[in-house]
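**Student:** So the chains spell out like this:
There are 2 protein chains.
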Amino acid sequence: MITAKRNGEADMVVHRQAFSSGNVLADLPATPGTNELIQVLASHAGNGVKIERIVSHGHATPLYEWYDQTRHEWVMVVQGEAIIAFDNERDDLHLRAGDYVDIPAHCRHRVAWTLPDTDTVWLAVFY
Amino acid sequence: MITAKRNGEADMVVHRQAFSSGNVLADLPATPGTNELIQVLASHAGNGVKIERIVSHGHATPLYEWYDQTRHEWVMVVQGEAIIAFDNERDDLHLRAGDYVDIPAHCRHRVAWTLPDTDTVWLAVFY
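Line by line, the protein sequences give chains A and B. Residues in the first sequence are numbered from 17 upward in steps of one, following this note's numbering. Residues in the second sequence are numbered from 17 upward in steps of one, following this note's numbering.
Quick caveat, the hints were computed from the structure, so don't treat them as lab data. Ideal placement from N, C-alpha and C gives every residue a C-beta, glycine not left out. Keep in mind that the hints are not guaranteed to be accurate.
Claimed, not checked - Simulated restraints, written as ranges between beta carbons of each label pair:
{"no.": "1", "chain 1": "A", "residue 1": "G64", "chain 2": "B", "residue 2": "I54", "range": "44 to 52 Å"}
{"no.": "2", "chain 1": "B", "residue 1": "N51", "chain 2": "A", "residue 2": "P78", "range": "46 to 54 Å"}
{"no.": "3", "chain 1": "A", "residue 1": "L79", "chain 2": "B", "residue 2": "E81", "range": "51 to 59 Å"}
{"no.": "4", "chain 1": "A", "residue 1": "W82", "chain 2": "B", "residue 2": "G64", "range": "24 to 32 Å"}
{"no.": "5", "chain 1": "B", "residue 1": "R112", "chain 2": "A", "residue 2": "F35", "range": "27 to 35 Å"}
{"no.": "6", "chain 1": "A", "residue 1": "A128", "chain 2": "B", "residue 2": "E81", "range": "23 to 31 Å"}
{"no.": "7", "chain 1": "A", "residue 1": "T134", "chain 2": "B", "residue 2": "P78", "range": "37 to 45 Å"}
{"no.": "8", "chain 1": "B", "residue 1": "L44", "chain 2": "A", "residue 2": "E97", "range": "17 to 25 Å"}
{"no.": "9", "chain 1": "B", "residue 1": "Q85", "chain 2": "A", "residue 2": "T86", "range": "25 to 33 Å"}
{"no.": "10", "chain 1": "B", "residue 1": "L79", "chain 2": "A", "residue 2": "N104", "range": "50 to 58 Å"}
{"no.": "11", "chain 1": "B", "residue 1": "E81", "chain 2": "A", "residue 2": "E81", "range": "20 to 28 Å"}
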């Protein structure tokens, strides 16, 4: 559990904004939605870096659709399993808990598969 | 397991550099060293963002020493347990697997304690 001393309402608000904490495996959705659940855990207004938690539950990128991102993406599977496919000669990656991959900007990729029966939790850093 | 097709030596080198992958819990040190083990998993030459794996094994920041960093640090405990202390009115944070905290730049903090008998694996994003 994470605790933080609060001295008063105004102080509390400032600290909550500047100093967020939590658990990447907490508060998973009770039932899977139509789309993946994406939550921003941290971001930097100046350089645009973003850290996200993504929860998949059998979700995959539609066939023939690709992510083509302006930023590098370092992504790790915290829980569950997933397969990432790439639009080049590279083989698919099967990621299990703790596995990460650093996907360069504009490297076209898609999520080909995630475990159908449980939540797959990703941690993604767009930098 | 992570696999990637290689078409030749020159191709392989380029891809290895641009496209690193692994597991944050793999290749832990056989015996703990004098200092924490710090490994850069990804970095961006342009904006200086860095993603590190840190392995502690009973290590702590020396008493009365503080980290005072120019960058924000989003840090998560992947395995193990740790306590982070702050140089202000904020209470210590006891972090267990999956717990994260976003430490603003120049927020003075130290690692007060990590589990003495096992590896505590951190994932840190300096952004």
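**Student:** It remains to establish, for every hint, whether it holds in the given structure.
**Tutor:** Status of the hints after comparison with the structure:
1. In this structure the hint that G64(A) and I54(B) lie 44 to 52 Å apart at CB is violated, the actual value being about 25 Å.
2. For N51(B) paired with P78(A), a C-beta distance near 48 Å keeps the hint of 46 to 54 Å intact.
3. Taken as a hint, the range 51 to 59 Å holds for the pair L79(A) and E81(B), whose Cβ atoms sit roughly 54 Å apart.
4. Evaluation of the 24 to 32 Å hint for W82(A) and G64(B) yields a pass: the beta carbon distance comes to about 29 Å.
5. Hint check: R112(B) to F35(A), Cβ distance near 18 Å, so the stated range 27 to 35 Å is violated.
6. The hint said 23 to 31 Å for the Cβ distance between A128(A) and E81(B), and at roughly 47 Å that hint is violated.
7. Separation of T134(A) from P78(B) is about 43 Å and conforms to the stated range, judged on CB atoms against 37 to 45 Å.
8. Distance hint check for L44(B) and E97(A): the Cβ-Cβ separation is about 22 Å, which falls inside the suggested range of 17 to 25 Å.
9. For the pair Q85(B) and T86(A), the beta carbons lie near 27 Å from each other, so the given range of 25 to 33 Å is met.
10. Between L79(B) and N104(A) the CB atoms are about 52 Å apart, so this pair conforms to the stated range of 50 to 58 Å.
11. Remark: the range hint 20 to 28 Å for E81(B) to E81(A) is contradicted by a beta-carbon distance near 50 Å.
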